[in-house]
Each structure stands twice: as C-alpha cells, then as structure tokens.
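S.K.: If you want the building blocks of each chain, they are given just below.
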Amino acid sequence: MTSPPEPPAQAPPGGPAWAADPPPGVQNERTALAWVRACLAYLACVLLAVRLLAARPVPAVLVLAAGSAVAAGLLTGSRRRYRRRDRSLAAGAPVLAPAPVAVLASATALLGLAAAALILLG
Amino acid sequence: MPRWADRLRESGREPDPRFTFANERTFLAWVRTALALVAAGVGLQALVPALAVPGLREAVAVALVLLGAALSVGAFGRWWRAERAIREGRPLPPATFAPVLAYGVGLLAVVVVVLLVAR
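Here the protein sequences line up with chains R and Z, keeping their order. Number 34 in numbering that gives the first Met the number 0 belongs to position 35 of the first sequence; there are no gaps in the numbering. Number 75 in numbering that gives the first Met the number 0 belongs to position 76 of the second sequence; there are no gaps in the numbering.
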C-alpha cells in the first residue's frame with residue numbers, strides 16, 4: 000500500500016530555486032499533452048475499428064463520424080481546460096475536472112463493446 | 000462541475016493541484032493501455048489470417064477487446080478512488096490490475112504466436 004502523497008518540496012534554504020519542485024503550471028501543460036496523446040490513441044483505435052466495417056460503408060461512416068466527434072470534442076475541451084486551469088492555479092481555485100474523465104472512459108468502453116459486437120457478428 | 004461529481008468535490012479538502020494533475024495523467028495512461036488492447040483485438044481480427052483452431056482468432060480478439068473495455072471502466076474507478084484518497088489524506092488504493100494485465104496479455108500473445116506458427 001502506498002503512503003499518502005507528500006507535500007511538494009521547498010527549495011533548500013540558501014540553495015537555487017530550481018531545486019524545488021517545478022511550478023504547477025508545468026503539470027498543467029503535461030496533463031494537456033497527455034490528453035492529446037489519449038485523444039490520438041482513441042482516434043487511431045476508431046480508424047482501425049472502421050476496417051471491420053469495410054463491407055458496410057454506411058455504418059462505417061457513422062462510426063467514423065461519431066468517433067471523430069468525440070476525439071475533437073475532448074481535444075477542444077482540453078485546450079479550454081488548460082487555459083482555465085492556468086487561471087485557477089493563479090487564483091488558488093480547484094482544478095478538478097471529472098466530466099472529460101468520465102467521457103473518455105465511457106467512449107473507450109463503448110468502442111470496446113462495439114468492436115466485440117462487430118467481431119462476433121462478423 | 001457536474002452534479003454526480005459533487006460527492007467527490009465535497010469530500011476531504013482541496014489538494015495540491017499537482018496531485019490532481021498526476022492522478023488525471025495516470026488515468027490517461029491507463030486509458031491509452033485500454034485503447035492499445037482494443038486496437039490489438041481489432042487488428043487481430045481484421046489483419047491476421049484465421050488461426051489453426053477455427054473460431055479461436057475471434058475468441059482471442061473478443062477477449063482482448065473486452066479486456067480493454069473493462070480496463071477503461073476500471074481506470075475511471077481507480078481515478079475516482081485515488082482522488083478521494085488524496086483529498087481525505089488516506090493512503091492511495093493499491094493497484095492490483097497491472098501484474099494481472101501484464102501476465103494475461105503475455106499469455107495471449109504466446110498463444111497467438113504458437114497458433115500462427117502451427118498452421
């Protein structure tokens with residue numbers, strides 16, 4: 000079992016400022032980049048899944064459109080969230096954002112279930 | 000913030016934002032793993048010729064894809080519980096999924112390779 004997270008380190012007294020943990024803005028940027036990677040992975044998965052629908056163009060286009068809309072929505076939301084979180088960090092306001100987490104988890108689960116159905120139904 | 004997350008937001012105290020960011024990135028890493036599993040299953044079905052045992056390719060593909068779906072749901076649960084633990088100052092819940100996942104996927108990979116070579 001892991002111990003509770005420790006408070007962020009302070010710069011050693013009299014030492015260089017860079018010896019402390021990086022400022023939270025860096026974490027905000029890393030998180031936004033992680034969202035980009037996740038959205039790209041999701042989109043790549045949708046494109047691959049569309050191959051299973053090669054014989055049925057109408058469902059293929061629908062799946063592609065829906066998957067692209069989800070990825071685009073999450074990417075746009077992530078950009079807005081990055082800017083909003085920068086302001087929240089400056090103001091000491093909360094940065095928690097549960098909605099996109101829930102959306103991505105559901106979208107991935109749905110994609111998996113849809114892929115299972117496509118494989119089983121041939 | 001959505002209403003269903005009120006319980007989360009109102010528990011404990013507002014943590015250092017770096018912990019919330021780190022928890023979110025961990026969730027995203029798990030989801031990328033789940034997506035890789037889904038892609039592996041779909042790729043197996045769409046790109047690999049049938050294996051020696053009829054229907055086995057479909058079975059393995061479905062197993063991979065469902066494992067990916069389950070993992071993404073589990074990733075959300077892990078994110079929620081970790082955020083609560085951080086806010087309430089409790090130890091983080093243990094991650095039991097990673098070794099199960101590693102051994103399971105490794106086993107599936109060995110099975111597929113053996114059956115591909117055996118044709």
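Read the hints as simulated data drawn from the structure, not as lab findings. Incorrect hints may appear among the rest.
Unchecked claim - Computed, partial: chain Z to chain R, Cβ under 10 Å:
#, residue
1, Val41
2, Ala74
3, Phe96
To be verified - Here are a few chain R residues that face chain Z, going by a calculated C-beta distance under 10 Å:
#, residue
4, Thr30
5, Ala33
6, Trp34
7, Leu51
8, Arg55
9, Val57
10, Leu61
11, Leu63
12, Ala64
13, Ser67
14, Ala68
15, Ala92
16, Val94
17, Leu103
18, Leu109
19, Ala113
Since we're looking at a predicted model, the values are computed, not measured. Where a beta carbon is used, it is the ideal one built from N, C-alpha and C, also for glycine.
S.K.: Taking the hints in turn, state whether each one holds.
M.R.: Cross-check of the supplied hints:
1. Using the Cβ-Cβ criterion of 10 Å, the hint placing Val41/Z at the interface with chain R is satisfied: the shortest such distance is roughly 5 Å.
2. Below 10 Å, beta-carbon pairs count as interface contacts, and Ala74/Z has one with chain R at about 6 Å; its hint therefore holds.
3. Look at Phe96/Z: its Cβ only gets to about 14 Å from chain R, farther than 10 Å, so that hint breaks.
4. Taking 10 Å as the C-beta contact cut-off toward chain Z, the hint placing Thr30/R at the interface holds, the least distance being around 5 Å.
5. With its C-beta approaching chain Z no nearer than about 4 Å, Ala33/R sits inside the 10 Å limit, and its interface hint holds.
6. Hint status for Trp34/R relative to chain Z: holds, with the closest Cβ pair at about 6 Å, below 10 Å.
7. Taking 10 Å as the C-beta cut-off, the interface hint given for Leu51/R holds, the closest approach to chain Z being about 5 Å.
8. This hint is violated: Arg55/R has a C-beta 14 Å from the nearest C-beta of chain Z, more than the 10 Å allowed.
9. At its closest, the beta carbon of Val57/R sits 19 Å from a beta carbon of chain Z; the interface hint therefore is violated under the 10 Å criterion.
10. With a cut of 10 Å, the hint placing Leu61/R at the interface with chain Z is violated, because the nearest CB-to-CB distance is about 17 Å.
11. Given hint, Leu63/R at the interface with chain Z, is violated; its Cβ is 14 Å from that chain's nearest Cβ, farther than 10 Å.
12. Taking 10 Å as the C-beta contact cut-off toward chain Z, the hint placing Ala64/R at the interface is violated, the least distance being around 18 Å.
13. At about 15 Å, the closest approach between the beta carbon of Ser67/R and any beta carbon in chain Z exceeds 10 Å, and the interface hint on this residue is violated.
14. Evaluation of the Ala68/R hint against chain Z yields a violated restraint, the C-beta minimum of about 17 Å exceeding 10 Å.
15. The interface hint given for Ala92/R holds, since its Cβ lies 9 Å from the closest Cβ of chain Z, which is under the 10 Å cut-off.
16. Given hint, Val94/R at the interface with chain Z, holds; its Cβ is 5 Å from that chain's nearest Cβ, closer than 10 Å.
17. A cut of 10 Å between beta carbons decides the hint on Leu103/R: the least distance to chain Z is about 6 Å, and the hint holds.
18. Interface hint status for Leu109/R: upheld, as the beta-carbon distance to the closest one in chain Z is roughly 8 Å, under 10 Å.
19. Because the smallest distance between the Cβ of Ala113/R and any Cβ of chain Z comes to about 9 Å, under 10 Å, the interface hint for this residue holds.
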